[in-house]
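Protein chains: 2
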Amino acid sequence: MGNYSDVLNNVRFVLSHTSHPGNIGAAARAMKTMGLQDLRLVQPKLFPDAMAVAMSAGATDILDAAGVTDTLGAALAGATMVAGCTARRRDLSHRLLSAREAAPLLLAQAAAAPVALVFGTEMSGLTNAELDQCQMLVHIPANPEYSSLNLAAAVQILGYELRCAVPELPAAQLASPALAQHDDLELFYLELERTLVMTGFLNLAAPRRLMTRLRRLYARAQLEKDELNILMGILKHIHSPAQINTPRPSRIVD
Amino acid sequence: MGNYSDVLNNVRFVLSHTSHPGNIGAAARAMKTMGLQDLRLVQPKLFPDAMAVAMSAGATDILDAAGVTDTLGAALAGATMVAGCTARRRDLSHRLLSAREAAPLLLAQAAAAPVALVFGTEMSGLTNAELDQCQMLVHIPANPEYSSLNLAAAVQILGYELRCAVPELPAAQLASPALAQHDDLELFYLELERTLVMTGFLNLAAPRRLMTRLRRLYARAQLEKDELNILMGILKHIHSPAQINTPRPSRIVD
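These protein sequence lines map, in sequence, to chains D and R. For the first sequence, counting from 1, position 232 maps to 232 in the working numbering; every step adds exactly one. Offset between the second sequence (1-based) and the working numbering: plus 1000.
Quick caveat, the hints were computed from the structure, so don't treat them as lab data. One should not assume that every hint holds.
Claimed, not checked - Rough simulated footprint, nothing fancy, chain R against chain D, three-plus residues with beta-carbon under 8 Å: (1) 31-42; (2) 156-163.
To be verified - Using C-beta positions, here's what the derived DEER-type ranges look like: (3) MET1198/R - ARG194/D: 18 to 26 Å; (4) ARG1220/R - GLN43/D: 53 to 61 Å; (5) HIS1239/R - ASN9/D: 46 to 54 Å.
What the hints assert, rightly or not - Footprint (simulated), chain D over chain R, 3 or more residues, beta carbon under 8 Å: (6) 1010-1021; (7) 1049-1059; (8) 1062-1069; (9) 1110-1117; (10) 1179-1189.
Positions of the beta carbon are idealized from the N, C-alpha and C atoms, including for glycine.
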């Protein structure tokens, strides 16, 4: 794998709609103690802020380099595996892993391409719309009667598990297939939705949670780049079925 | 070992000469999230204090019950195994364990009698006199260039490792969704193939391994029964797009 710090550099920590700048600083400190550095902030309430600097205890390099975006999608651009951190039990069918189970999976993929961990607000965690952009959920085992970890504490534990998992990576890596990127996945979901409306399966006036269910299904599959190309090809042919026997893209290989 | 909470109750967290009451409160919160409750304070600079209460985020029961002593020896009364937490390499010949290695040892002993983890001041850690009262040292793997974990963060990680090490800790119990059955999956693949031929995406004279790739994709997702119903509904609507806004099957629920 070469230098393990390269792998940790490929793990992005995304804090969405954080209320307290002190928590951002404390999260930066927690990241730095574990050798992580890629911090992204989605619409932080206050940032930059003196409290963030104070709580970072010298991890100001992480704060200075932190990318601030308007949307979670922008913060996830280029990420190939996206895990949402959650304390609550969720009803829908995301793959649910403990922090210890998730760390080696994330690291293995980070050896090839960026991955991301997403943390919601201090009060309410991740919204359903945010969860829709995650491929798996990660939870930290906690006291069921009092599971409210501080945001920076959750960042600390996930970072710790990632660091502990570095030496456990197999020396001989299996070649991982190239995974689809977040932004391409979003294009696919848009195109899928358009197709379902066109065929009459999806009524936008009463969508229930059809798109959410489909997102989670494909999220569990962890689509590869080639597979996403196949699915996009299928949708194109549904739109234009006249092109009978058009050659399929040459990148569809085994 | 009986009830696992009994074991965690037998692990004492001792904070020596803590400077900032906020850290005491944050440590109490961290302990409570992991189901720990026995907090001892050796000559805290300020305690009780409103900042400790604020940072405890509701873990005031831990603060209220915290024993305050003048000496480390008094805080350790009755403890049978004492581990000092340290970030620095120590020259003397203490047994040095990682947090992950120490947790099961401490727990095993806690099943029989109280054990203790000792944390020094925020600035300088444990003194040599304090180390002399410890039987082993515990360290948290960290970035060698920036290993300064916040006191509450160190408490959080040790507590987390203890909780993870409890053998009969109930796993997150999730009701498993009903998975699709093999024969229904085979019907879906047949129907999918028929659709792809109809739209011209699949040429049966030169199929390459398209259906194999799609099968693997959906196999990885471990389709649920409800999800398979959705996918079958989508295919039906592609075949008969005229039925615009036909109600979808009622079993499509979240």
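Comparing the hints with the structure gives:
With a cut-off of 8 Å between beta carbons, the stretch 31-42 of chain D has 4 residues touching chain R; three or more are needed, and the interface restraint holds. Look at the stretch 156-163 of chain D against chain R: 4 of its residues bring a Cβ nearer than 8 Å to a Cβ of that chain, three or more, so the hint holds. Look at MET1198/R against ARG194/D: about 19 Å separates their beta carbons, and that is inside 18 to 26 Å. For the pair ARG1220/R and GLN43/D, the beta carbons lie near 33 Å from each other, so the given range of 53 to 61 Å is not met.
Separation of HIS1239/R from ASN9/D is about 49 Å and conforms to the stated range, judged on CB atoms against 46 to 54 Å. Residues of the stretch 1010-1021 of chain R with a Cβ under 8 Å from some Cβ of chain D number 0, which does not satisfy the need for three, so the listed coverage is violated. With 3 residues bearing a CB less than 8 Å from a CB of chain D, the stretch 1049-1059 of chain R meets the requirement of three and the coverage assertion stands. With a threshold of 8 Å between beta carbons, the proposed coverage of the stretch 1062-1069 of chain R by chain D is violated, since 0 of its residues qualify and at least three are required.
Figure legend: the stretch 1110-1117 of chain R, annotated as covered by chain D; annotation inconsistent (0 residues with Cβ-Cβ distances under 8 Å, at least 3 required). With a threshold of 8 Å between beta carbons, the proposed coverage of the stretch 1179-1189 of chain R by chain D is violated, since 0 of its residues qualify and at least three are required.
In this structure, the earlier hints numbered 4, 6, 8, 9, 10 are contradicted, and the remaining ones agree with it.
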